[in-house]
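Visitor: One letter stands for each residue in the lines below.
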Amino acid sequence: MDFEFSEEQRLLRESVAQFVAQDYPFSRRRELAASEEGFGRDVWARFADLGWLALPFPEEAGGFGATPVETMILMEAIGRGLMVEPFLSTVVLGGGSLRLGGSPSQRAEALPPLIEGKILLAFAFAEPQSRFHLADVETRAERNGAGHRLTGRKIVVLHGGTADKLVVSARTGGSARDEAGISLFLIDRASPGVELRAYPTIDGLRAAEITLEGVEAGPESLLGELGGALPLIEAVVDNGIAAVCAEALGAMEVLYETTLEYLRTRRQFGRPIGSFQVLQHRMVDMYMELEQARSMTYMVTLRLEDPDPAERRRAASAAKVQIGESGRFVGRQAVQLHGGMGMVDEHLVSHYFKRLTVIDTQFGNVDHHLERMAAL
Amino acid sequence: MNLNFTAEEEAFRLEVRSFIADNLPADMRSVAEKGQRFDKDHFVRWHKILYGRGWGAPAWPVEYGGAGWTPTQKYIFEDEMGMSGAPAPPTFGTGMVAPVIIAYGSEAQRERFLPPILRGDVWWCQGYSEPDSGSDLASLKTKAVREGDEYAVTGQKCWTTYAHWADWMFCLVRTREGGKPQEGISFLLIDMTSPGVTVRPVIINDLSHYVNDIFLEGVRVPAANLVGEEGMGWTYAKFLLGNERVGIARVGQTKRRVARLKEIAREEMSGGRPLIEDPLFRRRLAELEVRLMALECTAFRLLAEEHAGRPVGPAASLLKIKGSELAQAVTELTVESVGYYALPFVEDALHFGADQPPVGPDYATDAMPHFLYTRATTIYGGTNEIQRNILAKAVLEL
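Chains as they are written, first to last, in our numbering: chain F, 1 to 376; chain U, 1 to 398.
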């Protein structure tokens with residue numbers, strides 16, 4: 001058993017931490033979130049230059065063939081900096097779909113421009129009726145010659161508005177909620193028949209509602225097995241879960257550090273408020289939640305490539321439950337312990353809290369994953 | 001022992017309920033339905049409608065325009081108002097400054113200030129907290145120096161709700177340095193249009209504007225605006241806290257939120273069935289309903305105490321703690337109930353007459369903003385940590 005980072009991983013960790021500390025102060029985050037696209041193209045270009053977009057992809061496609069640990073390191077830093085760039089949607093979800101389910105030619109075509117920072121991807125799976133159930137797909141993919149025509153609605157698609165390509169789940173067979181009959185397609189966002197409404201989300205990021213009206217998807221756009229894409233979708237989502245666990249960990253660390261500092265410096269009744277036992281115990285509880293969240297983030301990261309999908313699913317659901325509960329506690333208590341300051345938009349606490357609250361919902365909340373574990 | 005309201009009380013409840021149903025204007029009903037935010041205009045108009053019925057300040061003594069209700073009638077009124085979603089005017093005027101003026105002010109102050117509050121013509125805010133005086137309010141530093149027949153007031157107040165709409169502020173100020181901090185505090189009424197008063201908006205986590213910072217720079221306040229005596233401000237503030245009634249549990253509002261949550265859960269789908277049929281969700285809902293029943297029953301017990309002439313006193317802290325924690329839990333389950341539609345934030349859609357439609361169903365629009373705002377309920381009015389200290393000291397005598 002070993003929880004040490006390798007030398008390269010340590011270097012990566014330092015390099016990302018330095019980027020966040022020097023080039024991404026909270027004021028920058030605020031500006032970028034408020035910008036028209038909701039993130040910085042220049043920041044994205046830096047990510048590309050630094051090789052971060054290449055990390056998980058195979059060397060043949062121009063990647064570094066790195067492990068889930070490298071992605072975890074990057075996502076933790078993204079969480080610390082509360083970064084708004086579309087790493088999760090482009091690299092982990094969209095890129096993950098190609099990495100795990102694309103053919104060699106699909107990967108050769110799409111991964112190099114992704115790695116160079118030239119194209120962005122979004123992963124469109126949730127629908128109005130689906131809640132968190134990945135097999136609840138009503139979007140239809142009807143045979144159209146050698147390809148298909150896609151019709152349906154996808155909701156709250158992370159970074160959908162700025163994506164160049166969309167990875168879309170649609171049903172080629174079976175009826176609603178059947179596990180068989182789901183397929184995955186890679187289409188251009190600019191395809192005729194794609195209607196999109198982009199909007200901000202409460203955590204300062206962006207998402208979109210996407211309507212597909214007879215969108216043509218040629219044979220080259222099918223990712224993975226026709227009618228058999230659910231295992232691929234689940235694998236991509238589990239990768240997404242591991243990634244947001246790491247991001248949440250970074251965000252929780254910042255809230256923990258900030259709150260601890262506040263308890264040391266804020267004085268009332270003639271003493272630092274951290275001298276009150278009630279608040280000390282609360283802070284200790286925050287510390288313990290943080291450590292448990294770290295443990296479960298490591299656990300899901302290290303199990304992400306388990307050959308048994310059931311083991312991977314169990315690890316992902318368990319980690320998501322932990323991160324949901326820890327994120328809720330650390331986020332809410334950071335607000336509470338800061339008193340009124342925890343409520344104001346001007347202070348970073350409320351922003352980190354909002355991101356943790358959103359992560360709790362992303363890819364399914366605590367109750368959903370408890371049910372999933374109970375069913376495994 | 002008896003858990004029932006009397007026939008007269010039930011009839012009163014129906015009277016209040018039908019009055020609200022018949023008189024709540026359509027635009028306000030729409031705002032409430034959609035979970036949007038009320039404007040000052042909504043609050044004032046509704047207050048005037050209530051005033052027209054003689055209900056502008058029902059808790060006041062009858063001689064000043066109160067309705068002469070029993071504690072139970074006051075509770076029923078607040079409960080019905082809470083359940084209706086009507087724009088409850090903030091209590092700073094009718095519920096805070098007015099009782100202090102009535103109990104401790106001069107006749108001239110009562111004549112001058114009470115009628116406009118009753119009519120809804122004058123809007124008040126509360127100048128208590130300061131950047132360095134939150135939980136430790138008695139350490140406040142805003143100074144009021146007596147100069148002839150005026151005070152010169154300098155300092156800063158924060159978290160002042162609706163100060164940007166207020167005509168007047170009741171303010172705790174320090175009129176004497178040295179000695180016990182509480183004994184140097186006075187209760188001063190300040191005209192918000194006075195030179196030297198600056199109001200600065202403070203945006204909170206749901207991007208709404210309720211609270212403000214107030215900067216007071218050499219503001220001249222007539223000595224006639226001192227309520228009662230110098231050095232008695234802390235006593236008057238504590239009188240207000242002791243005056244806090246059973247309504248602080250906000251049972252009516254929480255009942256409304258639980259009812260909305262059930263409606264949402266009937267619409268939301270999960271695994272092909274409405275969410276309300278999901279056993280795990282039903283269990284979570286049942287837990288909330290048990291907590292709500294316990295809160296309401298405790299409120300009834302305290303109401304019975306009030307009826308017997310025994311004031312609620314420090315037990316109000318229990319209602320504040322349990323009421324706020326329950327309110328938060330309801331918002332948490334509500335956010336969960338709307339799934340991914342808790343995430344979109346189209347700020348414009350939260351205002352009446354919005355141009356932009358919400359993303360997703362109407363009922364999802366205010367789930368996240370309300371959840372965010374409700375984090376404040378365990379902080380304002382004395383944090384729940386302080387409230388537990390109060391219970392430990394005043395009730396458990398530890």
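Since the hints were made in silico from the structure, they are not lab data. In this text, a Cβ means the ideal position worked out from N, Cα and C, and glycines have one as well. Treat each hint with caution, since some may be false.
[Unchecked claim] Over the 10 Å line for every Cβ pair with chain U, so calculated as not near, a few chain F residues:
hint : residue
1    : 129
2    : 162
3    : 358
[Said to hold, decoys possible] Here are the in silico distance ranges between beta carbons for each label pair:
hint : chain 1 : residue 1 : chain 2 : residue 2 : range
4    : U       : 267       : F       : 42        : 42 to 52 Å
5    : F       : 46        : U       : 220       : 21 to 31 Å
6    : F       : 35        : U       : 229       : 49 to 59 Å
Visitor: Provide an ascending list of the numbers of those earlier hints which the structure does not satisfy.
Guide: Of the numbered hints given earlier, those the structure breaks are 1, 3, 5, listed in rising order.
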